[in-house]
Structure formats: C-alpha cells, structure tokens
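Using the sequences provided together with the hints, build the complete structure.
Next come the chains, spelled out residue by residue.
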Amino acid sequence: MDDPKAFVLGCSAIGAGCAMIAGLGPGIGEGFCGGKAVEAIGRQPEASGAITRTMIIGDAIAESTGIYSLVIALLLMFANPFLSKVG
Amino acid sequence: MTKKRLFLLVFFAFVIVGFVISLQLPGPEPFGVDGPRKSIVLKDSSGNAIKDPLTGVDFIISESVIMQIPVMVFLIALFIFLGHNLKVRPESKRQAAAEWIVTFFRNTVEETMGPKYTRGMTPYIASLFLFSMCSSLQGVLGLRSPNSDLFVVLTWGLTTFIMVQANKFRTGGVGGFLKSWVQPVPVMLPFNLIGDPAAAVSITLRQFGNIMGGCVITGLIYFALANARLSVGVPAVLSLYFDFFAAVVQAYIFIMLTMCYIGGADCTPEES
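Line by line, the protein sequences give chains A and B.
Just so it is clear: in the first sequence, position 1 is 1 by my numbering, and no numbers are missing.
Numbers given in my numbering equal positions in the second sequence, counted from 1, plus 87.
These are calculated hints, taken from the structure and not from any lab test.
Bear in mind that the values here come from a model prediction, so they are computed numbers and not experimental data.
Every residue gets a Cβ at the ideal spot worked out from N, C-alpha and C, and that includes glycine.
Incorrect hints may appear among the rest.
Stated by the list, open to error - Beta-carbon label-pair distances, calculated as ranges:
id, chain 1, residue 1, chain 2, residue 2, range
1, A, Ser48, B, Val128, 46 to 54 Å
2, A, Arg53, B, Val261, 47 to 55 Å
3, B, Val288, A, Thr52, 25 to 33 Å
4, A, Lys85, B, Leu165, 19 to 27 Å
Now the structure itself:
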C-alpha cells in the first residue's frame, strides 16, 4: 500500500468500469426508439425510409451520454490525468 | 455446386494453413492503445525543434495529419474520374454513378435545410460526408483512422460552430445576431451562451467516441484472437459493425446535425 501509483491505477480502473454503467441509459433509450420505429413501419410501411432515417438520427442523439461515459472511461484507461499528480 | 464446394475447400484450407502458421509465430505483445504517433517534428537549421511562440509547444505533424492525405488523394482521383467528359444524355455507368451521388446529397440538403440553402451548402456537406466516411473506413485497412484523433474531429465541430454564427450574421445582420442570444426570453442568455459551444463539442465527441471506441474494441478482439492462436484465418465479423456500419452512420449523423444546426440558426426577420 505504500505505492501511491498502484492505488491511483486501481481506482482509475474501477472508475472506468463505473463510468460505463452509463451504457444502461442509451441501451434502453435506443431499444425504445427501435421498437417505436418498428411499430410505425408496421402502421405505415410506405414511409419506412423516412422512419428509418429519423430513427438512426434519434439513436445517435440518444447515444450521446453513453459516448461521453465511454470517452471518460477511455481517458481513465489510456490517458490517465491523475497519474501525473502522484509523480 | 462444385464451384461452391471448391470455394469452401479453399476457404478451410486457408483457415487451417493460417492456424498452423500462427502456431509458429511468437506470442503477441501486451495490448495497448496509444495516441497518434508524432510523425514529424519540425526543426530549424540548427536542429532544434521549432516551438509555437504562444504556447511553447513543439510544432508536430502527427500521424493523423499524414493519414488524411491518402483520403484526399483518393477522393480527388475518384471525382476527377467520375466528373470528366460528362454528356447531356448519360451514356456511361460512370456518369450515372456521379449523378446519383450529386442528386443524393442535393436531396438530403434540400429536405433538411430547405431550398434556400441547397446550392450553397451541398458541396460542403457532400465533401464533409465523404471525407469523414473514408477516413473512418481507413480503420478497416488496419491503419489508424484520423477520426480517432480528437483534434481532427474537433476541427470539423468548430467549423460547424463558426458556420452557425456566420449564418446568424448573414441572415439577421448584427441586430439579428445579438437578438438570437436572448431568444425566446432574455433570461435564457446564459443557456444560449453555453448551448452553442456545447453543440459543437457534442457532435465532436460523438464522432470521436464512436470511432475511437470501435478502434479499441476491434483492437481488443484481434488481441484476444491472437492470444488464442487464431490470428490468421478467423473472420472478424464485428469489424463489419464497428468499422463499416459505424463509419457510414457516424458520417451521416455528423452531416445531419451540422445541417440542422446551421439551418436552425436562420435569423431572417419575420415579415409582419
């Protein structure tokens, strides 16, 4: 326990894992989005092109929070800003 | 039937030969992801690195900048090939393809931004889409995609931000530009001040996170396959999703959001 670097590295790994819990939200949201799109296509098959396009854009926007957490996790794993603080 | 059987035979022969070869190779190195390598450090005549006078950082031409050059050369060559010797009545498949690409982008811009912007915005949107898609697709070739460097994508995000502000100026004049910050009520000023840069950061991070995440995940899968001594001959199906699908969809979303932001920043005074 006298190596501060090991402690920081371990905590960063836990932090990266915790950050990815945010993957839950976009998963649920995109599933909802896809389900509604299927319903809409079932009701109105001739508009499937426009519906699919809108769905993909909606998915991408719903994905934002998940992507932010991914960026944080990548940062903690590969470009750790805390490591330089313990020297 | 025999052709199919021959194909399967050759395929499995490849897999078996690859497996045998991979048993002979030395084990893989530990997995790691590093940023874009510093390719060229600019030096002055005495051999010292040239420093930026403002920040004191070395001037570096990084790998991402160099990896964009093949994309540009490819796109320029492709469109010179597609665009030369056009006729009023299309005769060749080449011209049909060129017309399909142009019509697709023109329709996309017209549907999203309206006919007012079609002529002006189509070239920018089309080149942004194709450049973004081809850069991301470089990951398929095993190269490092320029889009997995944050600063490449941040450049496009900042371009969008500047174009949004420019469109406010162009359509509304100084008055409309200033007024746009206090829409719909003056209390919203701080939120508007945060909102515009946040939109640019958001589209940047979306593209960067998707491509970088795909890069890390495919890297991990290849690393795992290599560890299992399957580095040759096992098709990586996931590459189809993370490299092809993500590349095309992210490029499409980037242009869609760019068009929405720029089109939404229209401050043309309402006629009453």
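Against the structure, the hints come out as follows:
Taking 46 to 54 Å as the suggested C-beta distance range, the pair A/Ser48 and B/Val128 conforms, at roughly 53 Å. Roughly 37 Å separates the CB atoms of A/Arg53 and B/Val261, a value that falls outside the hinted 47 to 55 Å. Under the hint 25 to 33 Å, the C-beta atoms of B/Val288 and A/Thr52, about 28 Å apart, fit the expected range. Restraint check, A/Lys85 to B/Leu165: a C-beta distance of roughly 49 Å breaks the suggested window 19 to 27 Å.
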